[in-house]
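Line order of the protein sequences matches chains A and B. So for the first sequence, numbering that gives the first Met the number 0 puts the first residue at 0; every next one is plus one. So for the second sequence, numbering that gives the first Met the number 0 puts the first residue at 0; every next one is plus one.
What the hints contain is simulated information worked out from the structure, not anything from laboratory work.
Taking lysine-lysine pairs in the DSS-like style, the calculated list, with each CA pair at most 27 angstroms apart, reads: (1) A:Lys266 with A:Lys139; (2) A:Lys204 with B:Lys30; (3) B:Lys30 with A:Lys85; (4) B:Lys164 with A:Lys11; (5) B:Lys134 with A:Lys204; (6) A:Lys237 with B:Lys157; (7) A:Lys1 with B:Lys173; (8) A:Lys266 with B:Lys162.
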Amino acid sequence: MKYSYYPGCTAKTTSVEFGFSTEAVCEALGVELVELEDWSCCGASSAHSLNHELSLALPARNVALAQDTHLDLVTSCPACYQNSLKADRALREDEAWRRKMEETLDFRYNGEGEPRHLLDVLSHDLSLDEIRARVVKPLKGLKVAAYYGCVLVRPPEFTGWDDAEHPMTMDRLLEAVGAEAVDWSYKVDCCGASLTLSRGEIVTKLSSRIVNGAIEAGADCIATACGICQINLDTRQKCEREVPIFYFTELMGIALGVSGLEKMWGKHGVDPRPLLRERGFLA
Amino acid sequence: MTISVEGDLTFRDVVRERSGEDIHSCFYCQKCTAGCPTAFVMDYAPAQLLRMIQLGQREAVLSSTAPWLCVGCETCGTRCPNHIRLAPMMDVLRQMALEEGYVADPAAYALHRSFLSSIKRWGRVHELTMLMEYKTRCLLAESSLFFRGLGSDLMMGKDLVLKGKLAFIPERVKRLDEVRKLYAEAGEGNK
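One chain only, chain A, in its complex shape (with noise of 0.2 angstroms):
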């Protein structure tokens, strides 16, 4: 199983932890990543909050950097998914734009290199039952709030490989690692997003609403697919106790028994090791 991977720009920076437990649980369930050649930024939320032609060009430079590759064209950060998604499909329907971008771009579009999110690919194109195999250290008795954000899943026109309203991927992901995926109200509300930094105080109240639904559902802590979401709960989050937020890859990678692991927990704003340590998946 081979993919071309988008790691896009906070991969190595503020979401190492996402990018390093993506490559590494990957490796470990034999899913082949082929690092996109001098991709570039999708262009975030700021490319379509300000100019409609850049917000669908920036990403077309990636679709057709895929598209020489042959494979499908796999992103764990939402963001980057949800923006690859609308230009490929722009370039799919507008005939007028895709030879525009054919010309300024070189190249030629043939519709593959189809943009997929990790959640997507590791719950279709494997069997939970590849993953149960794999499990050396089932995440017995934790209870994990499985947290998908906004545009992961939405608008369901686009994606349409998970409900909505109540998705449910990542939590049989998680439990087919050994965790218990409580059921909880929150699962799909908004984090709030870029506005963490010119409106904070949004973004902790939303946070903090988020966190607490995940405390009242008597999670230990919260799972996330996305870096916005994770820094976003992590760090904005104010409740009666400090909740532990994971990326998905990251308990997965426990359950599978990578290395390397240990140096990602230092990273987070709350720190995840007491939890680790008392539940036995840490020394």
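Given the coordinates of chain A, assemble chain B onto it according to the supplied hints.
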């Protein structure tokens, strides 16, 4: 009885055309407002803004803070019974506001502008210099914006540096000319 409409009725057609969303079909059920995570800080809630567009209240809409507080989470569009996606509509309103000189939230604008200039410079975002440009732009726009949240920004910055999560040296795309060409074609060459 005579009902007079004083609004600009071409406005709604422009917004419909540019966003590709059928704004006219809104019957004001307000599910968008009910699900919006940031409606509580907007001057006009999403459903109100839609109705104002229908009524041609161009100036009030373009000077509203709502498009700047919309984070594009797509909850509204997912739940709309008429399949109106408000996120692309908010994008268009923000872009039209800029074209006509309205910036209801200078800090949000400074952030997006700094982000885009970082991509133009390196091909990828370099967080450290992007954040420095953002704070400078805030200072130039309105000095109070520079000081708003400065303490927590510095604390967070210190934490990120200590945890080794901010790169000092930017990663530069090899074929940067391709990225810059995309900027030029989108009319962003000189911004």
